[in-house]
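Visitor: When we follow the numbering used here, the leftmost residue of the sequence shown carries the number 42, and every step to the right adds one.
If you are wondering where the hints come from, they were derived from the structure by calculation, not from laboratory data. Any given hint could be a false lead.
The calculated BS3-like cross-link candidates involving lysine-lysine, where the alpha carbons are at most 30 Å apart (straight line), are [said to hold, decoys possible]: (1) 289 with 309; (2) 346 with 216; (3) 320 with 309; (4) 370 with 346; (5) 436 with 155; (6) 309 with 370; (7) 289 with 370; (8) 289 with 320.
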Amino acid sequence: MSRYCLSVRLKCVFLTSFLLLCSTFVSALPVVTSQSLIAEQFNQPISAVITASGTVFVVDGANNRVVGREPSGRVFSFGEQQLSLPMGIALGGNQLIVADTGNHRLVEFNLTGKQIQIQVIELNSAPIPNSQFGPPREIDLLPPEPVDVVVQHDTLWWTDRRHHRVCATAIQTLKTNKCFGSYGMQDGQFQYPFQIAFDSSEYLAVADSLNAKIQLFNRLGDHVQNIGHFGVRPGELYRPNGIAYDDKDNVFVSDAYNGTVSIYHHGKFLRLLADQSGKPLRFNTPTGLSWSNNTLLVTATGENKIYQLRLVDGDLAPTPLPDTVDVTKQNCVICHLSWSSDYVPPANDDNEVPPVASNTMCYSCHHGVVNDSRNQIGIHGQHPTIHDPVDVRKKRLEGEREDKIADEFPLTAQKELICTSCHTPHTQKPSGDVLYP
42 MSRYCLSVRL KCVFLTSFLL LCSTFVSALP VVTSQSLIAE QFNQPISAVI TASGTVFVVD
102 GANNRVVGRE PSGRVFSFGE QQLSLPMGIA LGGNQLIVAD TGNHRLVEFN LTGKQIQIQV
162 IELNSAPIPN SQFGPPREID LLPPEPVDVV VQHDTLWWTD RRHHRVCATA IQTLKTNKCF
222 GSYGMQDGQF QYPFQIAFDS SEYLAVADSL NAKIQLFNRL GDHVQNIGHF GVRPGELYRP
282 NGIAYDDKDN VFVSDAYNGT VSIYHHGKFL RLLADQSGKP LRFNTPTGLS WSNNTLLVTA
342 TGENKIYQLR LVDGDLAPTP LPDTVDVTKQ NCVICHLSWS SDYVPPANDD NEVPPVASNT
402 MCYSCHHGVV NDSRNQIGIH GQHPTIHDPV DVRKKRLEGE REDKIADEFP LTAQKELICT
462 SCHTPHTQKP SGDVLYP
């Protein structure tokens, strides 16, 4: 063998070894070292942000307000007269921008000075998406339903639950310049996009709730990459909701059904968010996530609490990602969890209803990410009284109910009706405002 061939072979061996080393190297993983709770008589909070000074602002959804909590412990609120079932919140200098979902708009609260200044950002002029169903349907002509918002340079980026898209509104002109996305399962399409976040390279990550993945886009709206995939095992996503990047571009993704937070880096799953012992943390319907100064805010909507988690680099080993699950029945398994070949019933599941009929499954969509039933399902005021006036419903809940549930109805272990006794997502409404339009 010539000296030249030997040199080339050695270079190839070195390069191969280097690439293998790079592919297996993982930096220290973030772990939770301490946590504190914020619970200020919330009614199904959905998202939160923290300022550089440590003040936490919480979107208290069903109370139609924003609650602020300073490091000193002082608590204040605002927006009660302006907001209707708000979902998302973002910081932009001294401004808070709130996705005022029920009113189909964004609202800016200026925190400079003693009085909070309010500016409404109407979104009715947003471009109507091109319909894949031919001529525009009734739902295509309805105003958008913004569910999250982020500030990037001179632009407000927001997700539209109703039209399954992401839009960009110029801060200076308050005009919506572009929208991308439509209903569907292909790359660049969405099934109920929720939280969004930018990484350090200014790629936009979108939590695609019912497609069970994170989609990455450039500023032009071109699809770049998917993070995570559908499944029920650690490292897979079932009902992704919240998304946040830390300073090292680790991306945290909350799963509203499983109650966990997954950590990814450059598209690769690392492990579930855990404490220093390696025990994964679990929450009741974790929705919004927000990161600032080594602190991760987790909004646990089902608990009416905000978890303020302090993270440091730990020495936990990454968790191997399982093989990709068969997604041929994904549109069924997104609710019919027990139909998955990987589903393992809980040990104490003898007296419980199937997952598809559980309140946890229904609430994982009905807290606002797909449909907003927080004024009904979240306060146990659902069927058959949801059409009564609010004061009548509240009065009925003060004492023991006189109406009895027929023995033929399936009940939970707590002898309560399940949501699917009366409701099914397979119903087609004329408006198209259902799970499958």
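Visitor: Broken hints, numbered, in rising order?
Guide: Failing hints, ascending: 2, 4, 5, 7.
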